[in-house]
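Asks: Positions in the sequence shown are counted from 1; adding 62 to them yields my numbering.
Hints may contain errors.
[To be verified] The calculated lysine-lysine pairs, modelled on BS3-like cross-linking and capped at a C-alpha distance of 27 Å, are:
1. LYS342 <-> LYS92
2. LYS367 <-> LYS101
3. LYS155 <-> LYS342
4. LYS317 <-> LYS342
Hints were generated in silico from the structure; no laboratory data involved.
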Amino acid sequence: MLGSVRVACAEVAQGARFVRITSELDSYAKGLGLVNLPKPYYDLRHHYYSSDPEALAAFVITLNAINFGSGYFSSLILRPGLSGYFTIAMGLKEHFENEGPLSACDLSSLDAEALSKIFRQNLCNPIRSELLALFAQALNDLGSYLNFAHQGQFLKLVEAANHSAENLIKFLIKMPLYRDVFYLRGLEVPFYKRAQITVSDLALAFSGQGAGEFHDLDELTIFADNLVPHVLWVDKVLEYDDDLVSRIVQGRELKSGSTEEIELRAVTLHAVEEMTAVLKKNRIFITARNLDIFLWNRGQAEYYKHVPSHRTRTTFY
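Just need the whole structure built from these sequences, with the hints factored in.
Replies: Here it is as structure tokens:
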């Protein structure tokens, strides 16, 4: 399954018209200073933690059910100093801490108005309202799926995967808003971004034990979004078509599923695969997952935020 993601993205990269990998990739990968890269960790400042495995799994899975909306984030009421993602993560964290974990039954009945209170938003802005309605749909789907297939319990969903990342991804993509698959020039191009990052975050939250133990964790690809492409573009590892650059800089939206948007995600995924191969030849062993986390965190620097990144309204990232 994850192999098909890599193969499809490599094929897209080979025939891409709007995005290409530059000759800088090798030297860039070698120059990142990844020899003693610290292991990724669970960010307790912005994320809920509990010694109760069911509560912790509930938070991780619930947050990743709504881990999308970057194309809408300009409409959000952001917390001081926080991005759109961290604004949402903090809102959910505080709700879990103050009101208790959300159950599957809770999720199945949430609406945009209830979510506006949890995330300290309002419904005055139509774009913000649209995002909160999509959040509600995603959480309703999750609650209904858990009640139908896993006795309403988050841990039972994880346990049913039998410590397999691929199995958990297959369960998650039964829900419509997780089906992150597109078609380009007759080729099926799967990404499964949110399903994959759910696995990754469970591994972080549970320190690779219990509900966080996956024997195929290292098979995950990057979590194809709009930030890692942006980092690689700013760092000159990726080169964009002039018209695409103009559209991004002007803040014009790229339609989800357009050729340009699929290429941005697929070529980035393939570029990171190429980077891991270069590093391996130099005796630096890093997974695509860990390199994604490194590049995503790199993208939090002001240096990258000063340059516009591509904007797409989608439920996939």
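Asks: Mind listing which of the numbered hints don't hold for this structure, in increasing order?
Replies: 3, 4
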